[in-house]
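Trainee: Sequence:
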Amino acid sequence: MKIVKTKLNYLNFYVKLDICALTVGDITLFDIYIKKDKDYIIIIEAGTLLTQSLYEKLEKQESIYINKKDEAKQILSCETLKFYIKHNKDNVHKRLQLLYEVNTQLFSIFLANKDNMINLECVELIVESIIYLIKTDNIFTKNTMPHLKNDHMLESHSLHVAIYALSLGNALNFNNEMLLKIGIAALLHDIGIKKIDKNIINKDSELSAQEIQLIQKHSQYGVDILKQNKISDPYIIDAVFHHHERYDGSGYPNKLLEEDISELASILAICDVFDALTNNRPHRKHYSSFDALKMMMQDKEMINKFNRKYLLATLKLL
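To convert, count from 1 in the sequence shown and add 1; that's this note's numbering.
Check the hints yourself; a few may be wrong.
Distance condition first, Cα-Cα at most 27 Å in a straight line; then the derived DSSO-like pairs of lysine-lysine [what the hints assert, rightly or not]: (1) 256 <-> 301; (2) 182 <-> 231; (3) 182 <-> 204; (4) 58 <-> 36; (5) 70 <-> 90.
It should be emphasised that the hints constitute simulated quantities derived from the structure, not laboratory data.
Based on the sequences and whatever the hints tell you, model everything.
Mentor: Structure below.
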């Protein structure tokens, strides 16, 4: 039998890389090649810190290439988030920037579509990325807080609450299954706000009794949207529905008392209020993290409203 040798066309395996897609200080997510004679050789390996000198080295090349299978990795998305996070896990500012960007993509799509559909796969990938960072950084919360945005946008608040809730859940030794549940509940706890008039949400003066009643419906709206998206897990449903309950029975929607409020709802309540206090609002400036927790533990309007054990655990994370 005669064997026919086929010459591989290497051009089919490599694509040009625009150097503008790279940033000094980033970790490269893929091998970078140059063409030499009729072959492609690696000039920078995946996982390399891109220093100024390396960047300048790349600029001097006539063309640089990546393997075609790595082409999708150039684009930050839900699908590539974990890959980007893994390679930037030690860069505190960059890893948070990545979470913000993908989370904003998630919420922008949700808020824009009339059917209230949520990319649940993306939700899980964001939560899993936060869990990964918490597990690899013993002081994740303390390292992350200085870089959090100071705004009251729904997507930012939701991400912050997820970060706090997962950090607290991890400190309380939740297993990975429960961490995933509390993370999903935290990231989606306020999605019902979508159904509330924006003029009421952004009002910078005191709300009327009727407006307060309308806003309080967001927890039920949130559950409705979860069920519409086929989320039926009782832990997640309960946490989203009851994250405004208070231990003294002053919360809503059911005025539950301490013994009737679930663990996850208790955690979300703390993280929700803590983030609200530590960010600017239309009617007031933000409080420091220490002052916010002090208010939640001692202020006459807040004392006895939250799980004290969890408040103390939160304090230790700061």
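Trainee: Compare the structure with each hint and give your call.
Mentor: These are the hints, each one checked on the structure:
no.	hint	verdict
1	256 <-> 301	19 Å, holds
2	182 <-> 231	15 Å, holds
3	182 <-> 204	32 Å, violated
4	58 <-> 36	14 Å, holds
5	70 <-> 90	23 Å, holds
Of the numbered hints listed earlier, the single one contradicted by the structure is hint 3.
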